[in-house]
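> First to last, the protein sequences are chains A and B.
One point on numbering: in the working numbering, the residue at position 238 of the first sequence is 238, and numbering is uninterrupted.
One point on numbering: in the working numbering, the residue at position 376 of the second sequence is 376, and numbering is uninterrupted.
There may be inaccurate statements among the hints.
What the hints assert, rightly or not - Using C-beta positions, here's what the derived DEER-type ranges look like:
| hint | chain 1 | residue 1 | chain 2 | residue 2 | range |
| --- | --- | --- | --- | --- | --- |
| 1 | B | Asp397 | A | Val111 | 42 to 50 Å |
| 2 | B | Glu155 | A | Gly23 | 31 to 39 Å |
| 3 | A | Ser230 | B | Phe386 | 32 to 40 Å |
| 4 | A | Leu112 | B | Phe386 | 29 to 37 Å |
| 5 | A | Arg14 | B | Asp347 | 53 to 61 Å |
| 6 | A | Leu112 | B | Ala156 | 48 to 56 Å |
| 7 | B | Asp347 | A | Leu35 | 23 to 31 Å |
| 8 | A | Val239 | B | Gln201 | 51 to 59 Å |
| 9 | A | Ser235 | B | Arg408 | 40 to 48 Å |
| 10 | B | Gly350 | A | Arg250 | 29 to 37 Å |
Unchecked claim - Short derived list, chain A residues pointing at chain B, Cβ under 10 Å:
| hint | residue |
| --- | --- |
| 11 | Tyr7 |
| 12 | Tyr170 |
| 13 | Phe174 |
| 14 | Asn182 |
| 15 | Asp187 |
| 16 | Leu215 |
Stated by the list, open to error - Capping the alpha-carbon separation at 30 Å, the derived lysine-lysine pairs in DSSO-like fashion look like this:
| hint | chain 1 | residue 1 | chain 2 | residue 2 |
| --- | --- | --- | --- | --- |
| 17 | A | Lys225 | B | Lys93 |
| 18 | A | Lys256 | A | Lys3 |
| 19 | B | Lys243 | A | Lys224 |
| 20 | B | Lys34 | B | Lys50 |
| 21 | B | Lys117 | B | Lys62 |
| 22 | A | Lys224 | A | Lys154 |
| 23 | A | Lys225 | B | Lys368 |
| 24 | B | Lys272 | A | Lys224 |
| 25 | A | Lys41 | B | Lys62 |
| 26 | B | Lys137 | B | Lys96 |
| 27 | B | Lys137 | B | Lys258 |
| 28 | A | Lys224 | B | Lys368 |
| 29 | A | Lys41 | B | Lys389 |
| 30 | B | Lys258 | B | Lys312 |
| 31 | A | Lys70 | A | Lys6 |
| 32 | B | Lys368 | B | Lys258 |
| 33 | A | Lys154 | A | Lys70 |
| 34 | B | Lys272 | A | Lys41 |
| 35 | B | Lys50 | B | Lys20 |
| 36 | A | Lys258 | A | Lys3 |
| 37 | A | Lys41 | B | Lys312 |
It should be emphasised that the hints constitute simulated quantities derived from the structure, not laboratory data.
C-beta: ideal position from N, C-alpha, C; glycine also.
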Amino acid sequence: MLKILKYSFYDLMRSRWSYVYFGFYLLLGFVLLFLNNDVSKAVITLMNIIIVLTPLIGTIFGVMYYYNSKEFTELLLAQPIQRSHIIRGQYVGVSLSLTLSLVLGLGIPFVLYGLFMSAAIFDFGLLLVVGAFLNFIFVALSYNIALSTENKIKGFGYAILMWLMLAVIYDGLFMISLLLFNEYPLDTFSLAATMFNPIDLSRILILLQLDISALLGYTGAVFKKFFGTSFGMLSSLLVLVLWVWLPLLRMNWKLKKKDF
Amino acid sequence: MKKLCILIGLLACIPAVFAKQIVVCQTCEVSTVKEAIAMAEDGDEVRVQKGWYRENSIVIDKSISLIGEEGAVIDGEQAAGILIFETDHFTIKGLKIINVGVSYTVDHAAIKVVRAKDFTIEDCVLENVFFGILIEKSARGRIRRNNISGQGTTEAGSGNGVHIWHSTGMEVSANELFHMRDGIYFEFVDDSEVFHNLSYQNLRYGLHFMFSNRDIYHHNEFRNNGSGVAVMFSKYISMYENKFMNNWGAASYGLLLKEIYDAEIYRNVFSKNTVAIKGEGCTRIQYTHNTFLRNGWAIKIAGACYTNIFEKNDFMHNYLDMSYYRKVNDNRFNNNYWSEYSGYDLDKDGLGDVPYRPVKLFSYLVNKTPESLVLLRSLFVDILNFSEKVSPVFTPDNLMDKNPLMQRIND
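If we strip away everything but chain B, and leave its shape as in the complex, we get (with noise of 0.2 Å):
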């Protein structure tokens, strides 16, 4: 057993006793990123020392950790894309890499990552990039901690933070990013986790989903950005605990659904978005304790939907809760709280003895005519609302919440 011991310790310290560490700094010997690239091999750790390195183009194909000091900065003068990754299992840690060049052929990128397995890249700030992370057909890699940044104006002329494509196994975590095109963006990504990352004042998107199945994604934070979140060709999808918050605009919403199945939606804030959750043809997805304060409208569903299950979520003074374009089909409303319900419970058991129609009138008008919310506010749409309250004619009389609380629940 001893026996044993030691040589599984001697086994343990093989790569160390080969492994060699690099530096580079700008007086040293290695005094380039792509010198010391050149120079090592498997399991060895390529050291930046502070300076300022104008390179670009550093393609890495060996198995490496590259690690930043503190104030090591590689330039890329706006000429192309930074580096390259070309390999599996390395690691890239605390390196500040700036200016990437904008191509409209190329994809630049200030780390890009093709055909790579098992890798990190933590710690990293990326200033004024084209595409941050660029990762394709990859599996199993830890994007942590980084805070990236671009400089874009126009949705054609700039890229995305993360962009991940093909790939499975992600985990994108506590990444900070903000005035690129979309922040976090996935596109045939399966099985990932993205988290504690906050995503703001993006062009586009602050996160984008598009035919990723079986992702979760919780505890971030996307605020501020050109539309909000779009999920769109999805399955298995699992949103929580995120806040979609002030996406305030003509073209936004909060979280965008679009032929998603099977998905869950659960303990979100969503607040001040001109819409909160848009549904385009999204089945089986469970709405539970979601808070809605403030948006313009709450729930915005389009067609072909079905079994959306709406459940113990919190609907807060919004402007319109719900507007629905088609029919309801088997939709369901159950358990909701709504700051609107002005029932009561005569028998204290915390539910509502009258059903709430989240429908009004006026919604049901501006679907048909959007220009009739100019009327918005106006005392004849409050006489109008509440006539059809007390009769509903207009309104789908299958959508309403049979037991709305009374007490709001998601605090």
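Bound conformation, chain A alone (with noise of 0.2 Å):
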């Protein structure tokens, strides 16, 4: 597994893609700083990219590299290497140089502008392991769609879906479901509505590092309370992991059964 990861890892390091992504969050990291010159400032604009952008880009490239490297994939499935070995080894690669654009493209900037000195490098810290959780979390969704269609334009489509699902309509039916019930008491409710989604999740983690918590009154004291502990902040990691962990499950089990 190792040797494909490697080898799709550096693959991808290859590829152009990876370094106009690269090149991408360099530029919005200069940018941003560039504009204004406060550290803490700009992590709150770099987290409403990150958590549009950055699982946009997970679900793209996952499923793209899926369908580009099909045709290596069934050559290597020929050969006596186990199938989950394979495609977690490209799954891992894909994810890890996304996430490595990410982080060398924010880090430079923000390392060059002062980031070890300023207070905020606990939240820019927070931004980028979220940012990577969002990585590997997309990646395996796309992937898994992949696996299950072999129409690429399909694919392409349910996972664009997905994306489309998870960053803006779940938040609609969350925002209606708040609308139709208010007359009863919610907070419980959007506490487990959030925890449900990985983009709200991370958005409502990184919120509540800013101190926005105070605006939502008595729902953020119920989030602070939750969150703000390290109880709250372990089990909000461990759903994530669990976003990771459990299409890595989907994947083994649908690999066995498929035939290539």
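Could you fit the two chains together into a complex? Lean on the hints.
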């Protein structure tokens, strides 16, 4: 598996798209910090971008990579290597290279602008951790979709739909249910509803670090009480891990049955 | 003419001839403040020299000047109130007064003033007090350059820095107030002025007005207070060039206006408050040239507000600019600068050509269900706000700034 990982990682490292992606984050980081020199304020703007863009790029990249390397995969399958090792190696390779682009692309400008001297280092670190998780989660989800769909166009369609679902439609349904049931106490419900969507969960995790919880009034207090403690932090990280692990499980199960 | 001059000169000398000076020090003949007060007569000066005087409940009913020299400390040893003035025309200056007793039934104060006129309290340091300066039924007092602090941890177990009740013509200036319940508290205080004070880290309000009319406060700074500044049930209050900063918390605001009429609020800076201004039942209020910077809500208006006029304010980078619970009534917005305004100015007159609507669909939804604020900064909300901006359906259509400014004006 490590060998496959290494190959797909090097393959991606040589690919143009990784550099474009890396360059994009690098430019974004520099421009943000150039426009306002304050590291902690740049973190807020960055959050907006990361929670939308990282999942989208992860999804598209994952699907694209699977379909592109399908022939190579089939060739490998003819060799005496376990199926799950091949696919998992590819998966980790893609996620890792995307994460590397993110971490380096944003890390370099922030370090140059004095991240280590500023108080925002923890927020920034959390932002990168959350970004990395989103990469792993969405590449896993898109691999699942690609494995289950033979048709490329359909696969792309489903993947984009999945992203749209989690990034936009879920929040819409969430909002509608909040409005419908506003006569009931909703804070536990909204807490649970955020846990079920990795994008929402990452957003709330970062927002609470930025002390926006005061705006939320009572609900904010409930959220702060939950996420502010080490238990809440651990359990939300655990949920993020679950979001990686469950798609991986399904991937395995699917691989066993799949007829290549 | 010459004779008249001499006569006036002589007359002016009379009090000086009769007034005497009493010196208090721990090795002197007079070694306590109480003794000195007992010996003094109207117009005398009592000088307290360096030393630690453990005294409390000192009642002063003569028009004297009580002057503390450097290092003079009166320690109430947490027993009761310390100085109680029941006279007109007195001065107290430069004393350090510490450790006032906490009581849940009596309002113990470091300096209590009852039914006095024309007095001055200046340059005093009051530490670990229950109430700092407590003034009742008085007129024309000047409270200047005092430093007042307490150690209260609960609202019930702490008092106010400067507490004035039922008085007129007071001046409270250049004081520093912290760790009290309210920094400055006015109840039934008319025609008074509060300026150049610094009030911070108080448990409740930095400044609190109740039932007080025709007062002015300006050039004060209020920061990190439990819930900001409150002006309630008052008329004709002028508030200008104050700074309201960092009043951040689930129940905090920069400025709370409740049942107030005919006020002016101008050239203030509101920065990093959960709610910069919260208005409830306020009528005929002019908001001009204020700066709202990075607040949660810049303006939150509950019901029954009429003729609130917002002109030439800067609204910069607030999470939500505006929120209205009820009807807009005849409140007006004109010529403000909004950092989120995305219109254009083709005729280059400095005014945007399309109106700006400060209430977003999201803030409308948040009013209906506060929990939906959980979705702040999500993509869905951005899309929602955008579509509402293009064609407003839910947000009140008469709530808009018809002539938004293109550049900020209050720097």
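> Now tell me, hint by hint, if it's right for this structure.
Structure-based check of all given hints:
Against the hinted window of 42 to 50 Å, the Cβ-Cβ separation of Asp397/B and Val111/A comes to about 49 Å, which satisfies the hint. At roughly 56 Å, the beta carbons of Glu155/B and Gly23/A sit outside the given window of 31 to 39 Å. Separation of Ser230/A from Phe386/B is about 38 Å and conforms to the stated range, judged on CB atoms against 32 to 40 Å. A beta carbon spacing of about 34 Å between Leu112/A and Phe386/B agrees with the range 29 to 37 Å that was offered as a hint.
The hint said 53 to 61 Å for the Cβ distance between Arg14/A and Asp347/B, and at roughly 55 Å that hint holds. Between Leu112/A and Ala156/B the beta carbons are some 52 Å apart, a value that agrees with the proposed interval 48 to 56 Å. Taking the beta carbon of each, Asp347/B and Leu35/A are about 29 Å apart, inside 23 to 31 Å as hinted. Distance hint for Val239/A and Gln201/B: a CB-CB separation of about 38 Å, inconsistent with the stated range 51 to 59 Å.
Separated by about 44 Å at the C-beta atoms, Ser235/A and Arg408/B satisfy the suggested range of 40 to 48 Å. Taking the beta carbon of each, Gly350/B and Arg250/A are about 59 Å apart, not inside 29 to 37 Å as hinted. A hinted interface residue such as Tyr7/A counts as satisfied when its beta carbon comes closer than 10 Å to some beta carbon of chain B; here the least separation is about 35 Å, so the hint is violated. Annotation: Tyr170/A was flagged as interfacial toward chain B, and the flag holds, the nearest CB pair being 8 Å apart, inside 10 Å.
A cut of 10 Å between beta carbons decides the hint on Phe174/A: the least distance to chain B is about 7 Å, and the hint holds. About 4 Å separates the beta-carbon of Asn182/A from the nearest beta-carbon of chain B, less than 10 Å, and the hint is met. Interface hint at Asp187/A: satisfied, since its Cβ lies 6 Å from the closest Cβ of chain B, which is below the 10 Å cut-off. Annotation: interface hint on Leu215/A holds; nearest CB of chain B at approximately 4 Å, less than 10 Å.
Among the hinted pairs, Lys225/A with Lys93/B is inconsistent with the structure: their alpha-carbon atoms are about 48 Å apart, more than 30 Å. The hinted pair formed by Lys256/A and Lys3/A meets the criterion: a straight-line CA distance of about 21 Å does not exceed 30 Å. Between Lys243/B and Lys224/A, the direct Cα distance comes to roughly 29 Å. Compliance with the 30 Å bound is thereby established for this hinted pair. A C-alpha spacing of about 16 Å is found between Lys34/B and Lys50/B, which places the hinted pair at or below 30 Å, so the restraint holds.
A distance of roughly 12 Å separates the Cα atoms of Lys117/B and Lys62/B; the hinted pair therefore holds under the 30 Å criterion. Of the supplied pair hints, the one linking Lys224/A and Lys154/A is violated, its CA atoms being roughly 41 Å apart against a limit of 30 Å. Of the pairs offered as hints, the one joining Lys225/A and Lys368/B holds, with about 24 Å between alpha carbons and a cut-off of 30 Å not exceeded. The suggested pairing of Lys272/B with Lys224/A holds, with an alpha-carbon distance near 19 Å, which does not exceed 30 Å.
Annotation: proposed proximity of Lys41/A to Lys62/B is violated, straight-line Cα distance about 59 Å (limit 30 Å). The hinted pair formed by Lys137/B and Lys96/B meets the criterion: a straight-line CA distance of about 25 Å does not exceed 30 Å. As the CA atoms of Lys137/B and Lys258/B are separated by approximately 25 Å, the hinted pair is consistent with the 30 Å bound. Distance check on the hinted pair: Lys224/A and Lys368/B sit about 22 Å apart at the alpha-carbon level, within 30 Å; holds.
Of the supplied pair hints, the one linking Lys41/A and Lys389/B holds, its CA atoms being roughly 26 Å apart against a limit of 30 Å. With a C-alpha separation of about 23 Å, the suggested pair Lys258/B and Lys312/B falls inside the 30 Å cut-off, and the hint holds. Between Lys70/A and Lys6/A the alpha-carbon distance is near 17 Å, which keeps this suggested pair within the 30 Å criterion. Between Lys368/B and Lys258/B the CA atoms are separated by roughly 22 Å; this keeps the pair inside 30 Å, and the hint holds.
The straight-line distance between the Cα atoms of Lys154/A and Lys70/A is roughly 16 Å, inside the 30 Å bound, and the hint therefore holds. Our distance criterion of 30 Å between C-alpha atoms is met by Lys272/B and Lys41/A, whose separation comes to about 13 Å. As the CA atoms of Lys50/B and Lys20/B are separated by approximately 20 Å, the hinted pair is consistent with the 30 Å bound. Proposed proximity of Lys258/A and Lys3/A is supported: the alpha carbons are some 23 Å apart, at most 30 Å.
Of the supplied pair hints, the one linking Lys41/A and Lys312/B holds, its CA atoms being roughly 26 Å apart against a limit of 30 Å.
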